[in-house]
Amino acid sequence: MSILQEQRTTLPTGTWKVDPVHSSVGFSVKHMVVATFRGTFGSFDVDLGQNGIAGTVDVASVSVQEPNLNGHLLAPDFFDAERHPQLSFRSETVRVDGDAVEIDGVLTVKGVTKPVVISGAISGPVEDFNGAHRLGVELETTIDRTAFGLDWNAPLPSGGFAVGNDVTLRAELELIRETEA
Amino acid sequence: MVILGIAGSLRSGSHNRELLRLAASTLPDGVELETWEGLRAIPPFDEDDEDPAPLPVAALRAAVGSANAVLIVTPEYNGSIPGALKNALDWASRPGATNVFRGKPVAVIGASLGSFGGVWAQAETRKVLGLMGARVIDAELSVGRAQDRLAEPDEELLGRLRETVAQLVEETQLQSRAA
Numbered sequence: 001m002s003i004l005q006e007q008r009t010t011l012p013t014g015t016w017k018v019d020p021v022h023s024s025v026g027f028s029v030k031h032m033v034v035a036t037f038r039g040t041f042g043s044f045d046v047d048l049g050q051n052g053i054a055g056t057v058d059v060a061s062v063s064v065q066e067p068n069l070n071g072h073l074l075a076p077d078f079f080d081a082e083r084h085p086q087l088s089f090r091s092e093t094v095r096v097d098g099d100a101v102e103i104d105g106v107l108t109v110k111g112v113t114k115p116v117v118i119s120g121a122i123s124g125p126v127e128d129f130n131g132a133h134r135l136g137v138e139l140e141t142t143i144d145r146t147a148f149g150l151d152w153n154a155p156l157p158s159g160g161f162a163v164g165n166d167v168t169l170r171a172e173l174e175l176i177r178e179t180e181a
Numbered sequence: 001m002v003i004l005g006i007a008g009s010l011r012s013g014s015h016n017r018e019l020l021r022l023a024a025s026t027l028p029d030g031v032e033l034e035t036w037e038g039l040r041a042i043p044p045f046d047e048d049d050e051d052p053a054p055l056p057v058a059a060l061r062a063a064v065g066s067a068n069a070v071l072i073v074t075p076e077y078n079g080s081i082p083g084a085l086k087n088a089l090d091w092a093s094r095p096g097a098t099n100v101f102r103g104k105p106v107a108v109i110g111a112s113l114g115s116f117g118g119v120w121a122q123a124e125t126r127k128v129l130g131l132m133g134a135r136v137i138d139a140e141l142s143v144g145r146a147q148d149r150l151a152e153p154d155e156e157l158l159g160r161l162r163e164t165v166a167q168l169v170e171e172t173q174l175q176s177r178a179a
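Just so you know, the sequences run in chain order A and B.
Counting from 1, position 171 in the first sequence corresponds to residue 171 in our numbering; the numbering is continuous, with no gaps.
Counting from 1, position 24 in the second sequence corresponds to residue 24 in our numbering; the numbering is continuous, with no gaps.
Take these hints with a grain of salt, some might be off.
Simulated pairs of lysine-lysine, DSS-like, Cα-Cα distance not exceeding 27 Å [to be verified]:
hint, chain 1, residue 1, chain 2, residue 2
1, A, K17, A, K114
2, A, K30, A, K110
3, A, K30, B, K127
4, A, K110, B, K127
5, B, K86, B, K127
6, A, K30, A, K114
Computed Cβ-Cβ distance ranges for the label pairs, DEER-style [to be verified]:
hint, chain 1, residue 1, chain 2, residue 2, range
7, B, E152, A, P85, 47 to 57 Å
8, B, L158, A, A162, 35 to 45 Å
9, A, V64, B, E47, 17 to 27 Å
None of these hints come from the bench; they were simulated from the model.
Owing to the predicted nature of the structure, the values given are computational and were not obtained by experimental measurement.
The beta-carbon is built from N, C-alpha and C at its ideal position, and this holds for glycine as well.
Looking at chain A on its own, in the form it has when it is part of the complex:
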C-alpha cells in the first residue's frame, strides 16, 4: 500500500477529532540552566477542520514526577488552575506545504492571550482496521512563559535561574475523521 500523495497545500478534508489515547501534549523547559525538564497534560481536546485547528488543555491534568511540584505548578506562582482552568489555542491561518504545516494562531495561558507561530508536520491520513481515517499531526512552538504571567523562579548560587523562561509546547496528535452524519 502506498501512502504517497500529491504535494498538498491544504488540510485534509473533513472534520477530525483527537484520539486522546494515542496523543500527547506536553511542555519542556530548561532546568538548572543545563538540563531539559518535561511535563505532560493528560486531559485535552483538539478539533481540526476546514476552519483550522483549535484545542484546549485542562491545566489540572498537568503531570510531572513529583506531587509537590505538581501542586506548585497548579498554584498562583505558575498556572493558577483555580482561576484559569484551561489553556486554549485557536489557529487563524494555516499554511500547508506537503507534510509541513505552519500555523499562526492565538494561545491563551493563565488568562493572557498572545499570538504564536506553531510549526509542525502532518502525516496520513491512513485507514485503520475499522475503516476509520486517522491523521497524524505534530506541533511545536516556544513561548516566553513570563509573557503569560508564569513568573516564578529561583536564583542559583552560581548565577542564572532554576527554571528557564522559554518553554517549548509540543503536541503529538492522532486525529480521527468524524463520519458524516
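Following the hints, put chain B in place on chain A, whose structure we already have.
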C-alpha cells in the same frame, strides 16, 4: 469577610503584634480581623506525628481554613523568617495538594527596629507561601524603626496599612467570585 491575623513573634511587647493591632484599626466595613494566638503551642514539625495531627496544628488549619484571607505580620530573625512561624507554616503546608493555604489570599507585612523593616523575612515568607500554593498578594509594607513609628503611627503608615488591607480584601472578593 474574616481575615486571620498571624503574628510571627511570641513576645508580649512585640512590635509586630502591635502592627497587627494597628492593621485591625484600618479595616473597611464588613471585614473582621481575628488574631490567631496559637503559635506558642505548635510542636516542632515531625512527619511521624502527622497522623493524627497534634491538636494545636488542627486548630491552626481550621482557623486558616475558615478565614477568607490571612494577614501575616512577621519580624525578621537573623535575616530570615522566625523559626516558630516557619514551623507553623510547615505544618499548615501539609498535605501538599490540599493544604489550607492553597489558593488562600495572603498578605505579608512586618516591622523591625532597624531601618529595613524586615524585608528579607517578608520576601522569604512570600516565597514559602507561594510554594505552598497560596495566593500571595503583591503588596509590601516594611515598617523600619518600629519603636518610633508604632509609638505614634502617622497618617502615612496608617494610609499604607489601609492600602495593604484593602488590596487583600479586593483579592479576597475576586477569590470568592472565582470559587
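So which of those numbered hints doesn't the model satisfy?
none
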